[in-house]
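Engineer: Going down the list, the sequences are from chains G and F.
Counting in my numbering, the first sequence runs from 1 upward without gaps.
Counting in my numbering, the second sequence runs from 1001 upward without gaps.
No lab work stands behind these hints: they were computed from the structure.
The reader is advised that the hints may include incorrect statements.
Said to hold, decoys possible - Estimated spans, in silico, between C-beta atoms of each pair:
| no. | chain 1 | residue 1 | chain 2 | residue 2 | range |
| --- | --- | --- | --- | --- | --- |
| 1 | F | P1130 | G | A54 | 43 to 53 Å |
| 2 | G | H71 | F | G1180 | 56 to 66 Å |
| 3 | F | R1101 | G | A54 | 44 to 54 Å |
| 4 | F | R1102 | G | E21 | 14 to 24 Å |
| 5 | G | D18 | F | Q1132 | 28 to 38 Å |
| 6 | G | L84 | F | E1169 | 15 to 25 Å |
| 7 | F | R1102 | G | H71 | 40 to 50 Å |
| 8 | F | R1085 | G | L84 | 31 to 41 Å |
| 9 | G | E7 | F | A1024 | 30 to 40 Å |
| 10 | F | E1169 | G | P98 | 50 to 60 Å |
What the hints assert, rightly or not - Calculated Cβ distances over 10 Å to all of chain G for the following chain F residues:
| no. | residue |
| --- | --- |
| 11 | R1085 |
| 12 | R1101 |
| 13 | R1161 |
| 14 | G1176 |
Built from N, CA and C at the ideal position, the CB exists for glycine as well.
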Amino acid sequence: MFETCVEIRRHFSDYLDDRCERESLRSIRFHLDYCASCREELEQMQAIQAELHALPRRRVPPELALSMRVHISHRVHHNLLRQLWVRCENALQPLLIPASGGVLTAIIFFGLLMGWQVAPASNIPDVPLQIVTPPRVRELAPINFNDGDQAVVVLTQIDAAGRVVGYRVLSGPVTPELTRSLDRTIYFSLFDPATMFGRPTDGQVVLCLRRITVRG
Amino acid sequence: MGVALEQALPAASHEATLIAELRAGSEEAFAYLLAVYQNPVFNLVAHIVEQGSDAADVLQEVFVKVFRSIRHFHGESTLKTWIYRIAIHEASNHRRSWLRRRLREALSLDEDAAVSEMALAKSPQQPETPYQALEQAERQELVRRALASLAQPYRTVVVLREIEGLAYEEIAQVLGVSEGTVKSRLLRGRELLKRKLGSCMRR
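Use the sequences and the hints to build the structure in full.
Structural biologist: Structure representation (structure tokens):
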């Protein structure tokens, strides 16, 4: 197929890389059988190829590999926030285990301490903490008036000590007999005073009085 | 992931996972990428830049660029081809600026020393005697100089084919040229090398 040495030598590169077609390969081999000059030429190229393959490969020195990782890491974390985050992480990570241990120990000790020093339960009833509470009837004296089904409504004024200061009939028949009965009922009744922010104070309470008779 | 897998290039299925992790900004994935590719890329760059000591700077730039551009990588080529393309682009840019500087400045006398100080992996074929070791070292130095004296297009193709072992298709992808161009550059590069080294190889 190939006739001259110049022509055949153009295919040596392909021959070295095993990229020749079958026909070309046969021609080259046939030519090499009788042409010593081309054979020597090919041997030289093969020797150079072998030398190139045998060239020692440069390796990245360990210090360069490390500095490169650091350099690239700096470039990657160029963002100020991420830089700050990485610095915080680096600063806090060594403290993480001691700090966690400290907090856990503190919680355990606090729990134990609280278990031993329980506050004693009090028998004193709690003072109502509402802002204002009205006076309340603690004990009502017997009602001696009989006015049928009609109720008597009375506005009673109670001082801070729980004593009745006075009263006024708001509805119902005002007769001397009823007034006497009301005097006995109201002045002999016991009241809890009104409170403001938990402290006793003067107040008024409206009482609706009616005698209920049970026939048995 | 780590040093144990340093030489193992990721398989196609793993490559997709690796790319996804890189896109997510995983530093572990990037550490793995570095472990796999830093030595081949360093070797490639060292053959392209004029001063061997500059290879470290170029290598850093290459991987910073890889990390930043990974989001724009859509898998048109393999990860290896893509990284090599970036490496060659960076190394060529660096070489051009170095040549411009060299025109203005005097050449440093320590240049060769810097190259020889670069860490070299042990050759697979160990010489048996000190004489053979010396002969091999001299021969390798001659080959390295001859390779360095080639014009950059030829040198790049020869390095990618003979030293990095890339296929013609991969070289074409890395350089963004046709396979025909790769073939002709390789032929020309080999011929030039033979012309420079022919007498030495004959001895």
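Engineer: It remains to establish, for every hint, whether it holds in the given structure.
Structural biologist: Structure-based check of all given hints:
At about 18 Å, the beta-carbon gap between F/P1130 and G/A54 misses the expected band of 43 to 53 Å. For the pair G/H71 and F/G1180, the beta carbons lie near 40 Å from each other, so the given range of 56 to 66 Å is not met. Taking 44 to 54 Å as the suggested C-beta distance range, the pair F/R1101 and G/A54 does not conform, at roughly 33 Å. A hinted range of 14 to 24 Å for the beta carbons of F/R1102 and G/E21 is inconsistent with their spacing of about 45 Å.
For G/D18 and F/Q1132, the hinted distance range of 28 to 38 Å is satisfied, since their beta carbons lie about 30 Å from each other. Checked against the hint of 15 to 25 Å, the pair G/L84 and F/E1169 fails, with Cβ atoms roughly 47 Å apart. Look at F/R1102 against G/H71: about 26 Å separates their beta carbons, and that is not inside 40 to 50 Å. Remark: the range hint 31 to 41 Å for F/R1085 to G/L84 is upheld by a beta-carbon distance near 35 Å.
The beta-carbon spacing between G/E7 and F/A1024, approximately 56 Å, falls outside the hinted interval of 30 to 40 Å. Between F/E1169 and G/P98 the Cβ separation comes to about 58 Å, which falls inside the hinted range of 50 to 60 Å. Under the 10 Å C-beta cut-off, the non-interface status given to F/R1085 relative to chain G holds; the minimum distance is some 19 Å. Distance to chain G confirms F/R1101 as a non-interface residue, since its nearest Cβ pair spans about 22 Å, more than 10 Å.
Some Cβ of chain G comes within 10 Å of the Cβ of F/R1161; the nearest lies about 7 Å off, and the non-interface call is violated. Interface exclusion of F/G1176 from chain G stands, the closest Cβ pair being 21 Å apart, more than 10 Å.
In this structure, the earlier hints numbered 1, 2, 3, 4, 6, 7, 9, 13 are contradicted, and the remaining ones agree with it.
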